[in-house]
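S.K.: If you're matching them up, the sequences are chains A and B in order. Be aware that the first sequence starts at 4, since it is given in my numbering, and climbs by one per residue. Be aware that the second sequence starts at 1029, since it is given in my numbering, and climbs by one per residue.
Rather than coming from a laboratory, the hints here were simulated on the basis of the structure. Heads up, some of the hints might be wrong.
For lysine to any residue, the following SDA-like pairs were computed, each having C-alpha atoms within a straight-line distance of at most 20 Å [unchecked claim]:
(1) K78(A) with K1086(B)
(2) K1130(B) with K78(A)
(3) K1107(B) with P1070(B)
(4) K152(A) with P1070(B)
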Amino acid sequence: MTIRLTTAAAALALLLGGNSALAADKPTDPQIAHIAYTAGVIDVEAAKQAIATSKNKTVVEFAESMVRDHESVNKQALDLVKKLNVTPEDNDTSKALSKAAETKRSELAKLTGADFDKAYVENEVAYHKQVNGALETLLIPSAQNADLKSLLETGLKLFQGHQQHAEHVATELK
Amino acid sequence: MNAAVNPLGSAFLALLLGTTAIVVPARAGTIEVTIDGLTFAPVEIEAKVGDEVEWINKDALVHTATMKGGTEVLVPAKKSGRLLMNEPGSFDYICRYHPNMKGHITVRP
């Protein structure tokens, strides 16, 4: 578990300013929009993998709620960037997040049954916790546009809710 | 057939209506709770037994109002859900999908 989490942690360390060059350069609104959108897409993909793999009703229901919520919020995000005439801009943080997620997906693909369920839900707890940290300490404070900031704040509440939901599911699996 | 020509019938009817009025002293009402930006507002509400609580969801997300003990109302995105308060007590509730959303209902007899 520790090793699996390390990739995502490294990606987010970048985001949180573990890299001094990035810490000096706060992300711009188009970059923030891209990072937030990517974070949502990653969780939808993870959830789709869980829906296809898991036989556990609670885990599948949790994953379905992740797909539903993140697709809904990402639709709002797309509507907002269109309204603001902002083009989301790919960046190193988004790339690192996607790469870490890909690694995670192939790790999970090797697991089945209760092992998969446990690893997926534990990663959901860790992933949401890390994204929350990034939203709180970097993305929200860096956002310039008030509408974007407000969407990110709602996103933070949503991710915090998902973290608690994932923690409840993790407890049920024990 | 005609109640007006039967004094006994009229008296009986008056008694019946009168009794009904005593049994239900106040009309049951609806207490509204708005859900916006993953927040129940107001967080605390008071109701009487027989009242209904209506959750009006302004979010594009599916929520629930899930009482401790299991009673649950699904509140679909941009829609509402209702629950009849049929017993007095003090009830904490959360959204099962987003457990950081919390509310409280006090139901008076």
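S.K.: Quickly compare the C-alpha distance for K152(A) and P1070(B) to 20 Å and report which way the hint goes.
M.R.: 24 Å, violated
S.K.: Would the pair K1130(B) and K78(A) pass a check requiring their Cα atoms to be no farther apart than 20 Å?
M.R.: 26 Å, violated
S.K.: Would the pair K78(A) and K1086(B) pass a check requiring their Cα atoms to be no farther apart than 20 Å?
M.R.: Since the Cα atoms of K78(A) and K1086(B) sit roughly 16 Å apart, the hinted pair holds (cutoff 20 Å).
S.K.: Next pair to validate is K1107(B) with P1070(B); report whether the Cα-Cα distance is within 20 Å.
M.R.: At roughly 18 Å apart (the allowed maximum being 20 Å), P1070(B) and K1107(B) satisfy the hint.
Of the numbered hints given earlier, the model fails hints 2 and 4; all others are met.
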